[in-house]
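**Q** Each chain, letter by letter, is given below.
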Amino acid sequence: MAEPMKIRATLQGDVADVRVLMAHPMETGQRKDEAGKIVPLHFIQSITAQLNGKTVFSADVSQAVSRNPVFAFKVKGAKAGDKLSITWQDNHGDKRTDEIVIRAGS
Amino acid sequence: MKRALMLGMVAAIAATAPWLPAAAQTPDPTAAEFDKFREIMEQDNPAELFEVKGEEQWRARRGPSNVSLEQCDLGLGPGVVKGAYAQMPRYFADADRVMDAEARIVHCMITLQGFTYAELAKQPFSSLTRTPEPVSLVTYVAAQSRGMKLAAPQDHPKERATYETGKAMFFYRAGAFDFSCASCHGTDDKRIRTQPLPNFTKPEQAIRAVQGWPGYRMTGGVMHSLQWRLNDCFRQQRFPEPGYASETVSALLTYLTVNANGQVYRGPGIKR
Amino acid sequence: MRLASAVMLALAAPLLTSCATPPRDYRPDALAMMKRDFHARGIAGMDRLNEDAVQAACNKAQDNPPEEIAARLQKEQLAAIKWPAEGKLLGDWKSGERIAQNGRGMMWSDKGGEGGSCYNCHQIGPRESSFGSVGPSLYQFAKLRGYGADIQRYAYGKIYNAKAYNLCSQMPRFGHAGALTEEQMKDLTALLMDPASPVNQ
Chain A
1 MAEPMKIRAT
11 LQGDVADVRV
21 LMAHPMETGQ
31 RKDEAGKIVP
41 LHFIQSITAQ
51 LNGKTVFSAD
61 VSQAVSRNPV
71 FAFKVKGAKA
81 GDKLSITWQD
91 NHGDKRTDEI
101 VIRAGS
Chain B
107 MKRALMLGMV
117 AAIAATAPWL
127 PAAAQTPDPT
137 AAEFDKFREI
147 MEQDNPAELF
157 EVKGEEQWRA
167 RRGPSNVSLE
177 QCDLGLGPGV
187 VKGAYAQMPR
197 YFADADRVMD
207 AEARIVHCMI
217 TLQGFTYAEL
227 AKQPFSSLTR
237 TPEPVSLVTY
247 VAAQSRGMKL
257 AAPQDHPKER
267 ATYETGKAMF
277 FYRAGAFDFS
287 CASCHGTDDK
297 RIRTQPLPNF
307 TKPEQAIRAV
317 QGWPGYRMTG
327 GVMHSLQWRL
337 NDCFRQQRFP
347 EPGYASETVS
357 ALLTYLTVNA
367 NGQVYRGPGI
377 KR
Chain C
379 MRLASAVMLA
389 LAAPLLTSCA
399 TPPRDYRPDA
409 LAMMKRDFHA
419 RGIAGMDRLN
429 EDAVQAACNK
439 AQDNPPEEIA
449 ARLQKEQLAA
459 IKWPAEGKLL
469 GDWKSGERIA
479 QNGRGMMWSD
489 KGGEGGSCYN
499 CHQIGPRESS
509 FGSVGPSLYQ
519 FAKLRGYGAD
529 IQRYAYGKIY
539 NAKAYNLCSQ
549 MPRFGHAGAL
559 TEEQMKDLTA
569 LLMDPASPVN
579 Q
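Residue numbers (the working numbering), protein chains in the order written: chain A, 1 to 106; chain B, 107 to 378; chain C, 379 to 579.
Hints may be right or wrong, so weigh each one.
Computed cross-link-like contacts, DSSO-like style, restricted to lysine-lysine with a CA-CA straight-line distance of at most 27 Å [to be verified]:
hint, chain 1, residue 1, chain 2, residue 2
1, B, K228, A, K6
2, B, K377, A, K6
3, A, K6, B, K142
4, A, K37, C, K489
5, A, K74, B, K228
6, C, K438, C, K413
7, C, K438, B, K308
8, A, K32, B, K188
9, B, K264, C, K438
10, A, K32, B, K228
11, B, K228, C, K413
12, B, K264, B, K308
13, B, K228, A, K37
By construction, these hints were calculated from the structure, which means they are not laboratory data.
So that you can see chain A by itself, here it is in the shape it has in the complex (with noise of 0.2 Å):
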């Protein structure tokens, strides 16, 4: 059920601009569909992010952030070669985990 997401880092010095693409519907359970039925609340409630296995950062989202959301920030003390791992978790108790290793140059 959870579509992989979409990750790019790129390396200043020691900073990483990191930016995931994530695949969701992120409902928010106020609208109708066609047949006039409210679609259930359905949204990643929580992401996580990962560093060599080290959790860098943390974040509790609500069903305000948009369908298919980006979500970008910044990361102190990366190198290349360093494994930066996402992982997504929504209300339905899906969970996602995509990982790539950041690579030297912009």
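Chain A is fixed; fit chains B and C onto it per the hints.
**A** Same frame as chain A, but now just chains B and C:
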């Protein structure tokens, strides 16, 4: 988050643009601001999620015949996807007609995988809860022509005839409102409400008919292709409905793409 | 000598033009393909693909028909306009503004006529900045042209059938096509012509 950014940008534009009700004042700085906004949004385009999905579907065994699309010939030989989109629409001897990319994908799904046209044409456009396979597939195929110059061929007599037929359609006024495509897209510097209307008869503007499609539409978070775009054009033109993946749509796409030939296709885009 | 050169030029002319033969007329191919590929949906029937006399004249001449044809057809279109009773052409401008804002109607996704889509193409009132530029600005319409009965008649007539005044205008024929009712067209006329309308402030 995207929505908040979009609202912020719209607010910024509304605050700075001088909306003087003088006769025929065209807010040019606004058009530039929207272009800049689109460029920023293109950096993390959710269309990429559909590119990935489309590639999965291309390689998966599907349909009654349980085969993948990896033998589908998009004009450059069976299975050659790189660069194919930029060289379509084109003539295909096995179908004896000119086909745009999505029509060709539909053809391959029918002939290779055993799907029927009826089931693919039943609900061919994306909704909030469903993205039809051909839409993800054409997004993947289009992405494989990213950065390439458009070169829809005009070598075969049927390719040339299709261009002329598409051109005749483009200028054909009919329907309850007497609209042709040219009514909106045949003159420079026009807009409908605040949406610019590129003049597709001119090469440097015709690129805007191709660039950005397939496109991720933020309104509703759906992926749409040119088949959807032309369908919605005819709806707004107060015409009846064109057949999905029909020759008519391929003809119009031939006219538009050939007009834009030589210009670089930047890949799937993002829309309001 | 002069006659000889004239004859030479007359003989050369067809040779010069035939070097770049324009493609034949593809309109019949286009129409045949559309008739095969389109289908009716909702209120949008296949009859909508047929050209009427005005559309045919404009299509044949790339929106630039010969004067005699234009004059004749414009006269016919004008004669077919149904004017409101007793020459009362002004309705309610507040309602007119709502009709001008409404872009729905006559599509296969609609149930019939609905709005006039006026802001799609025109600047009209002073408070709406989301206006199109396909047509000219209508801001201060009567203030600039006068409030007389003749201008009222022109405004109503143009909304009913724009082609009666300019055969190949891109403006739809709202009354002629049944897209707007008489009451709606009177409201739109008031939006443009009423001295109290914000358009004329």
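**Q** Looking back at the hints listed earlier, which ones does the structure fail to meet?
**A** Hints 1, 5 and 8 not satisfied by this model.
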